[in-house]
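Residue numbers (our numbering), protein chains in the order written: chain A, 1 to 300; chain B, 1 to 548.
These are computed hints drawn from the structure, not numbers from a lab. Check each hint, because a few of them may be wrong.
Unchecked claim - Chain A stretches covered by chain B per the calculated footprint, using a threshold of three residues with CB under 8 angstroms from any CB of chain B:
| no. | segment |
| --- | --- |
| 1 | 118 to 125 |
| 2 | 198 to 204 |
Claimed, not checked - With beta-carbon atoms standing in for the labels, derived distance ranges:
| no. | chain 1 | residue 1 | chain 2 | residue 2 | range |
| --- | --- | --- | --- | --- | --- |
| 3 | A | 187 | B | 116 | 55 to 61 angstroms |
| 4 | A | 247 | B | 364 | 57 to 63 angstroms |
| 5 | B | 519 | A | 60 | 52 to 58 angstroms |
All residues carry an ideal CB built from backbone N, CA and C; glycine is no exception.
Now for the letters of each chain:
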Amino acid sequence: MSNVRQSWYEAGARERIAALVDAASFAEFIGPERREISPHLSIFDLPAQFDDGIVVGAAAIDGTPVLVAAQEGRFMGGAFGEVHGAKLTGLLRAAKALGRDVVIAFDTGGVRLQEANAGEIAIAEIMRAVAEARMAGARVVGLIGGRAGCYGGGGLIAGCCSTLIVSEQGRISVSGPEVIETNKGVEEFDSRDRGFVWRTMGGKHRTLIGGADVFVDDDATAFREAARAALARPAGLDAAMLSAEQARLERRIARFGDAPDATDIWRGLGIADPQAIPDMPAAGFADLAAQYRESADDAR
Amino acid sequence: MRQWNTRKTLREERIAAGGAFATGKTIDPARLVDFLEAVLRPSDRVCIEGDNQKQADVLARGLAAVDPARIHDLHMVQSGVVLPEHLDIFETGIAKRLDFSYSGPQSARIAKMLFGGKIELGAIHTYLELFARYFVDLTPQVALIAAVSADRHGNLYTGPNTEDTPTVVEATSFGSGLVIAQVGEIVDTLPRVDIPGDQVHFVLDAGRPFYVEPLFTRDPAAMTETQILTAMLAIKGLYEPYGVRRLNHGIGFNTAAIELLLPTYGEKLGLKGKICTHWALNPHPTLIPAIEAGWVEQVHCFGSEVGMEDYLAARPDIFFTGPDGSLRSNRAFSQTAGLYACDMFIGSTLQIDLAGHSSTITANRIAGFGGAPNMGSDARGRRHPSAPWLQAGAEADPDTAAPLRRGRKLVVQIGETFGEGNAPLFVEKLGALELAEKLDLDLAPIMVYADDTTHIVTEEGIANLLLCRTADEREQAIRGVAGFTEIGRGRDTAMVERLRARKIIQRPEDLGIDPLDANRNMLAARSIKDLMLASGGLYRPPSRFRNW
Chain A
1 MSNVRQSWYE
11 AGARERIAAL
21 VDAASFAEFI
31 GPERREISPH
41 LSIFDLPAQF
51 DDGIVVGAAA
61 IDGTPVLVAA
71 QEGRFMGGAF
81 GEVHGAKLTG
91 LLRAAKALGR
101 DVVIAFDTGG
111 VRLQEANAGE
121 IAIAEIMRAV
131 AEARMAGARV
141 VGLIGGRAGC
151 YGGGGLIAGC
161 CSTLIVSEQG
171 RISVSGPEVI
181 ETNKGVEEFD
191 SRDRGFVWRT
201 MGGKHRTLIG
211 GADVFVDDDA
221 TAFREAARAA
231 LARPAGLDAA
241 MLSAEQARLE
251 RRIARFGDAP
261 DATDIWRGLG
271 IADPQAIPDM
281 PAAGFADLAA
291 QYRESADDAR
Chain B
1 MRQWNTRKTL
11 REERIAAGGA
21 FATGKTIDPA
31 RLVDFLEAVL
41 RPSDRVCIEG
51 DNQKQADVLA
61 RGLAAVDPAR
71 IHDLHMVQSG
81 VVLPEHLDIF
91 ETGIAKRLDF
101 SYSGPQSARI
111 AKMLFGGKIE
121 LGAIHTYLEL
131 FARYFVDLTP
141 QVALIAAVSA
151 DRHGNLYTGP
161 NTEDTPTVVE
171 ATSFGSGLVI
181 AQVGEIVDTL
191 PRVDIPGDQV
201 HFVLDAGRPF
211 YVEPLFTRDP
221 AAMTETQILT
231 AMLAIKGLYE
241 PYGVRRLNHG
251 IGFNTAAIEL
261 LLPTYGEKLG
271 LKGKICTHWA
281 LNPHPTLIPA
291 IEAGWVEQVH
301 CFGSEVGMED
311 YLAARPDIFF
321 TGPDGSLRSN
331 RAFSQTAGLY
341 ACDMFIGSTL
351 QIDLAGHSST
361 ITANRIAGFG
371 GAPNMGSDAR
381 GRRHPSAPWL
391 QAGAEADPDT
401 AAPLRRGRKL
411 VVQIGETFGE
421 GNAPLFVEKL
431 GALELAEKLD
441 LDLAPIMVYA
451 DDTTHIVTEE
461 GIANLLLCRT
471 ADEREQAIRG
481 VAGFTEIGRG
491 RDTAMVERLR
501 ARKIIQRPED
511 LGIDPLDANR
521 NMLAARSIKD
531 LMLASGGLYR
541 PPSRFRNW
């Protein structure tokens with residue numbers, strides 16, 4: 001029966017944290033009882049949420065202290081607003097100060113349009129805080145497999161993480177499908193062709209081109225195991241790593257920049273039957289990806 | 001002397017005129033519009049094949065391109081007004097009068113055109129009713145139909161989506177009308193013959209398959225806990241006590257949730273083999289887990305469903321399949337099955353009033369009826385007994401002696417008290433009534449009449465209307481499950497409690513159901529991908545339903 005495992009895709013932010021960390025180890029910072037709600041949404045007659053759509057706090061994974069954050073994709077599509085962004089910024093600054101690793105469960109459409117300026121500033125502050133925490137020796141691990149995917153500024157922050165763990169349902173990008181279609185036309189990108197959307201932005205493609213590091217099944221236990229492994233990897237961020245990654249991305253665009261479809265890229269990577277990729281089960285795909293994927297250099 | 005063969009003579013003239021743009025029966029695709037102008041006459045009764053699923057789309061486009069100065073005032077008699085071209089021809093004057101059945105995606109535009117007087121409306125029918133009139137007073141003079149392929153003699157293979165084709169061709173061809181088929185390809189040998197070539201006069205090689213809409217696919221990922229609760233109520237409060245084995249489901253999420261709860265919740269209740277064994281139903285992907293778990297013995301289909309073809313071919317014990325292995329559907333036969341041979345219809349609606357009338361028509365949208373009223377009505381001509389039918393009949397009329405008492409079909413409306421866009425399911429006055437006043441119609445377009453409706457299921461509970469003895473009891477039974485809608489808040493609380501004591505109203509707790517148990521982990525599949533995996537990879541979901 002399909003209901004023995006807990007689906008990461010279907011879980012809420014608090015369920016994800018509960019599945020991720022040691023039992024009873026989680027202590028929330030600025031919890032909903034503090035009612036730190038968005039100061040902007042009421043202007044638009046929109047409902048607020050007492051945690052502003054993100055849960056942050058301290059916990060332990062296998063007894064090792066970590067900091068954790070989880071976005072609630074079901075509130076405003078997990079979008080970044082002023083309070084939401086400040087909670088994550090603060091968590092990352094604490095990571096730098098404490099030298100402690102951070103695990104972030106992304107589930108976001110990007111910046112909230114209703115508080116765009118505050119949201120955009122928050123994205124910039126978070127990216128800086130991620131970089132500073134990593135330079136101080138902390139690992140920042142991103143988990144992506146929620147309904148909202150990881151879009152807009154969320155995609156930029158994900159690109160700064162030390163390790164990204166993704167499931168097939170997880171999508172990573174900056175501009176979303178509808179935005180691309182609106183700006184470039186349906187011939188360029190048909191946002192209603194969901195197979196195409198996932199082929200282009202989904203977890204399998206991101207894994208194959210080095211946009212994500214670890215591919216897991218849509219299973220909360222699998223995300224936890226992958227996070228444990230990621231937290232055991234070497235930490236650090238320096239100019240040499242960034243240069244290497246920049247060179248890889250330049251090679252990638254030279255090689256695949258004209259590919260009309262992700263399947264062309266997969267064929268280019270040496271995969272014999274790229275059409276079969278979307279329907280492959282997770283385990284088989286992970287083996288195949290290990291053989292053919294481009295690896296990133298801990299920065300993407 | 002009276003001529004007794006004027007219709008056949010006219011058909012001969014049409015065939016001769018059309019022959020100028022065809023080689024044998026094969027129309028020159030480049031001359032399609034000339035061809036149509038040659039075979040059609042002003043004021044003809046014309047059927048463009050199309051329903052809620054398949055469409056003779058290339059022929060519809062061709063018809064929309066004819067010169068209105070030559071071909072005008074057509075009387076369209078067709079199941080579905082679905083493609084933009086179906087209404088474009090009324091804008092240009094090619095067509096004038098309309099008798100139809102279903103208009104899902106065009107419901108807003110058709111309403112606007114009816115208000116604007118662009119369309120002279122005959123009537124809105126059920127499928128079966130329109131098919132019946134094809135044989136009495138609405139026989140098409142020209143039918144534009146769709147098939148998968150043809151051979152050189154005009155024999156047609158309609159494939160899994162046979163749907164309306166045999167009915168339309170029967171009425172048109174044997175009624176001395178002209179049958180024109182669009183096909184995806186012309187081949188030497190057909191996989192099977194669905195329509196004999198001597199009933200088909202012309203064939204157009206469209207070079208691609210006809211359009212089909214995957215209307216019956218419901219993504220389990222979008223199913224809510226409230227819908228799951230209503231599904232649990234229906235299984236435990238209706239399917240189990242009545243022992244419903246032969247049934248039809250509507251296309252909503254509530255009934256899809258029932259399908260997905262059979263192998264889990266239904267199994268826990270020990271109902272396997274006791275309910276839901278025989279169906280008149282399209283091949284819903286959400287039925288796959290129940291079929292695979294051995295719940296289902298047989299399903300007859302109105303049409304097919306995009307992506308289900310290989311799965312259906314691999315389960316011939318369950319589905320009706322041809323010598324080629326693929327599904328054979330037939331809308332007229334399956335509607336008849338739903339009317340006469342099923343003991344329950346359960347579906348969702350948009351509005352229910354205080355008497356229990358329901359409608360999917362609002363003042364600005366005319367979606368038509370399709371087949372729901374055929375399934376969702378008591379067949380007065382039914383004579384064979386079955387346990388659920390007899391039990392429902394006894395509840396409705398306990399005083400008549402059993403041998404003289406009619407049974408009753410269970411006709412169930414299921415939904416949340418507030419539907420899409422937070423619109424209340426229960427209303428004081430149906431939008432259909434306002435529409436009838438605005439258009440000066442003799443009949444308000446009611447989907448299911450109050451006297452056919454036996455039960456209403458919402459998240460607040462089940463109202464059994466069979467047990468109500470007065471109009472007042474009926475009204476309070478409906479108010480009693482109407483939740484926090486205006487109608488629900490207007491209830492007589494004391495009377496509702498009395499109805500509850502008589503089991504006219506049953507709450508979740510009365511049935512031993514804890515609403516907190518209604519969660520998505522109960523679903524046998526929680527995503528389209530789960531459905532694909534449950535089918536062993538045989539179900540191939542269309543791209544629009546994928547998130548992989």
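Legend entry - Range hint compliance [Cβ, residue 187 of chain A to residue 116 of chain B, 55 to 61 angstroms]: Given a distance of about 34 angstroms, which is not inside 55 to 61 angstroms, the answer is violated.
Inset, instruction - Report holds or violated for chain B covering the segment 118 to 125 of chain A, Cβ cut-off 8 angstroms, minimum 3 residues. - result: This one is violated; 0 residues, fewer than the three required, reach chain B with a Cβ under 8 angstroms.
Legend entry - 57 to 63 angstroms as the expected CB spacing between residue 364 of chain B and residue 247 of chain A, which holds or is violated: holds (59 angstroms)
Legend entry - residue 519 of chain B paired with residue 60 of chain A, Cβ distance criterion 52 to 58 angstroms: For residue 60 of chain A against residue 519 of chain B, whose Cβ atoms are near 28 angstroms apart, the range 52 to 58 angstroms is violated.
Inset, instruction - Check, residue by residue, whether the segment 198 to 204 of chain A contains three or more positions whose beta-carbon lies closer than 8 angstroms to a beta-carbon of chain B, and give the verdict. - result: Result for this restraint: holds, n = 3.
This entry does not satisfy hints 1, 3 and 5, going by the numbered hints stated previously.
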